[in-house]
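Chains as they are written, first to last, in this note's numbering: chain A, 1 to 327; chain B, 328 to 682.
Among the clues, some could well be false.
[Claimed, not checked] Sample of chain B residues at the chain A side, in silico, Cβ under 10 Å:
(1) Phe357
(2) Phe360
(3) Leu388
(4) Gln465
(5) Ile594
(6) Ile596
(7) Met607
(8) Ala646
(9) Arg652
(10) Phe661
Since the hints were made in silico from the structure, they are not lab data.
Backbone N, C-alpha and C define an ideal beta-carbon position, used for all residues, glycine too.
Each chain, letter by letter, is given below.
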Amino acid sequence: MTKIDFDWKPLLLAPAIALVALPLTGSFSTWLTLTVAGLAMGMIIFIIASGLTLVFGLMDVLNFGHGVFIALGAFVASSVLGLMGDWTGSGELWRNLVAVFPAMLVAMAVAGAVGLAFERFIVRPVYGQHLKQILITMGGMIIGEELIKVIWGPAQIPLPLPEALRGSLFVADAAISKYRLLAVAVGVVVFGLLAWTLARTKIGLLIRAGVQDREMVESLGYRIGRLFIGVFVVGSALAGLGGVMWGLFQQNLVPQMGAQVNVLIFIVIIIGGLGSTGGALIGALLVGLMTNYIGFLLPTLTQFASILLMVAVLLWRPQGVYPVANR
Amino acid sequence: MFLKRLLSNDMPRSRLLALLLVALFIALAFAPFLFPGVKALSVAAKILVFVVLVASFDLLLGYTGIVSFAHTMFFGIGAYGIAISASRLGPSWGAVLLGLAASLAVSLVLSFAIGLFSLRVRAIFFAMITLAVASAFQTLASQLSDFTGGEDGLTFKLPELISPSFEFAEEPFLGVSLDGRLLCYYLLFVAAVVLVLALLRIVNSPFGRVLQAIRENEFRAEAIGYRVVVYRTTAAVLSALFATLAGAMLAIWLRYNGPDTSLSFEIMIDVLLIVVIGGMGTIYGAAIGAVLFVVAQSYLQDLLRVGSEAASGLPWLSALLSPDRWLLWLGVLFVLSVYYFPTGIVGKLRARAAR
Chain A
1 MTKIDFDWKP
11 LLLAPAIALV
21 ALPLTGSFST
31 WLTLTVAGLA
41 MGMIIFIIAS
51 GLTLVFGLMD
61 VLNFGHGVFI
71 ALGAFVASSV
81 LGLMGDWTGS
91 GELWRNLVAV
101 FPAMLVAMAV
111 AGAVGLAFER
121 FIVRPVYGQH
131 LKQILITMGG
141 MIIGEELIKV
151 IWGPAQIPLP
161 LPEALRGSLF
171 VADAAISKYR
181 LLAVAVGVVV
191 FGLLAWTLAR
201 TKIGLLIRAG
211 VQDREMVESL
221 GYRIGRLFIG
231 VFVVGSALAG
241 LGGVMWGLFQ
251 QNLVPQMGAQ
261 VNVLIFIVII
271 IGGLGSTGGA
281 LIGALLVGLM
291 TNYIGFLLPT
301 LTQFASILLM
311 VAVLLWRPQG
321 VYPVANR
Chain B
328 MFLKRLLSND
338 MPRSRLLALL
348 LVALFIALAF
358 APFLFPGVKA
368 LSVAAKILVF
378 VVLVASFDLL
388 LGYTGIVSFA
398 HTMFFGIGAY
408 GIAISASRLG
418 PSWGAVLLGL
428 AASLAVSLVL
438 SFAIGLFSLR
448 VRAIFFAMIT
458 LAVASAFQTL
468 ASQLSDFTGG
478 EDGLTFKLPE
488 LISPSFEFAE
498 EPFLGVSLDG
508 RLLCYYLLFV
518 AAVVLVLALL
528 RIVNSPFGRV
538 LQAIRENEFR
548 AEAIGYRVVV
558 YRTTAAVLSA
568 LFATLAGAML
578 AIWLRYNGPD
588 TSLSFEIMID
598 VLLIVVIGGM
608 GTIYGAAIGA
618 VLFVVAQSYL
628 QDLLRVGSEA
638 ASGLPWLSAL
648 LSPDRWLLWL
658 GVLFVLSVYY
668 FPTGIVGKLR
678 ARAAR
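Work out the full structure: start from the sequences and follow the hints.
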């Protein structure tokens, strides 16, 4: 996409929703709280969805078992954080962050490794067959969920936030929870890294070229197959990271959490255009904002807000906001 | 000749399959007499409901090649239709019929809307959209507690004739007391047989052939001149209506309905497992699969308990064999069957017979 024909209209969607919500919420401080909360939730959803949209956009594989990696990341992080009680319990911010980062890294590593096995045993036999992909990854999700129950038990387990990340800061009378600021920061870093890798590095170039014309790139001596497995592993690791963020956000883990989040991520990547990283970011922010505004204004409609949003976006652009070419 | 017409010319085409189906039919027809006990009869009734539900899903997945995750939504609408109308209007046949008619109407409108809106898009889109809609519907059902009883669900009474307290003969016949429970079972049995035969009729009609053509090659079907969107929407609506009837059967048997009973995502996964294991694109596969699955669900847990206790020396093996983990083993079976038996049990048997 060159700069000249860059499609800027979808970029206005999130600010537009925020502006519409401003008079409805009544007070500026409430609005600010809701907006930051919505952006943070959106960023977490984006981290989860980015892996799925990457795998779909580049490899044309729809992974209905993506939720397993989310739950896996969250449960691994709960075990790691459980081992580091001294660090999470202290009130000092740097000690807490030192505890959270290894938890994220371990969760990403485990989710990535399981992703490698998942690609080999579940996805590889069904490349190019969408119907079978949906069925077999669904089966993979059942197995994964049951194995999580075997390892961590079927009951829900608490995942409390580290001391210094609890509570809120006050900016212009608006309560802004500290954890949400961290979530926004992590989301921005993930998006930046993804966009930079895809647009500015040689690996990104090869991936994009491989999507366009696989045989040509292979005849130049690059192994696209291995590169794509790498993409799958990175996608799973991102889901693991997102799982950690989501788990800390909910502060409570259930083995079925992956399937619950699946609905939200599907909405996000449909809005985004199935395969576009930027589209997924916009979709995730829209869903996050909508959920928070509607949750405040009309709580009973919360579940429908994101679906209505999806329907509206699809009526405007039937292929999502940034359709991926030649699909 | 008569049998051939009854089965819409879709014979089992495998001696073993025919044998299995006949055995299945006899077992279900005489279940109250062959398998005494409350649990066995409940398992048999659940099989009847699932045969209809899964066969209706097969019309969509197996014959038309559409993956929908909103099928249990229609199942739930059927069950709630009976539950709401019987709990409001009292135990009369009029209330049952009204509930049935209302739920069929709701399903018709809803499936038509979803079909028109999303069947134009690719398979993957449709799967995801239906997943979202179904989850929203489930939340709606548990939130509208004045209407649906919320998470607690609705317990209700049905007409005297099919309730357990009604006895139409003093003496038990062949050791089985002749009561309303028995009548209720046979009501379900007749309904299931009629509905499955109707589905067989549909898939073997010219309409059904067009659906299969669309499944095999959408582009060519369109090129021949069939309006693909019209056929797909019709298939989606028909399949939703049959699922609604299956839901009504469930509510009539249980006299209770709640979100977990008929709407939960677990049931959707069960249906998917059954269709694939039994054999996609064969209504018989739905029947064979449903029996295997419901029996496994009801009795595999007992078997696993034995295994788990035998392996109690090895904690991790014992955890893997715990009766609560029975779905793990079905999941493994599911993945293996997509791998090695993409045509399911029925497809495999037919291929063997054709060799």
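The hints, checked one at a time:
1. Hint on B/Phe357 is violated. Least Cβ distance to chain A is approximately 34 Å, over the 10 Å limit.
2. Using the Cβ-Cβ criterion of 10 Å, the hint placing B/Phe360 at the interface with chain A is not satisfied: the shortest such distance is roughly 36 Å.
3. Restraint check, B/Leu388 versus chain A: the minimum CB separation of about 8 Å is within 10 Å; hint holds.
4. Taking 10 Å as the C-beta contact cut-off toward chain A, the hint placing B/Gln465 at the interface holds, the least distance being around 9 Å.
5. Because the beta carbon of B/Ile594 sits about 13 Å from the nearest beta carbon in chain A, more than 10 Å, this interface hint is broken.
6. For B/Ile596, the interface hint holds, the least distance from its beta-carbon to any beta-carbon of chain A being 6 Å, beneath 10 Å.
7. Interface hint at B/Met607: satisfied, since its Cβ lies 9 Å from the closest Cβ of chain A, which is below the 10 Å cut-off.
8. Of the supplied interface hints, the one on B/Ala646 holds, with its beta-carbon coming within about 5 Å of a beta-carbon of chain A, less than 10 Å.
9. A least Cβ separation of about 6 Å between B/Arg652 and chain A falls short of the 10 Å threshold, and the interface hint therefore holds.
10. Annotation: B/Phe661 was flagged as interfacial toward chain A, and the flag holds, the nearest CB pair being 4 Å apart, inside 10 Å.
This entry does not satisfy hints 1, 2 and 5, going by the numbered hints stated previously.
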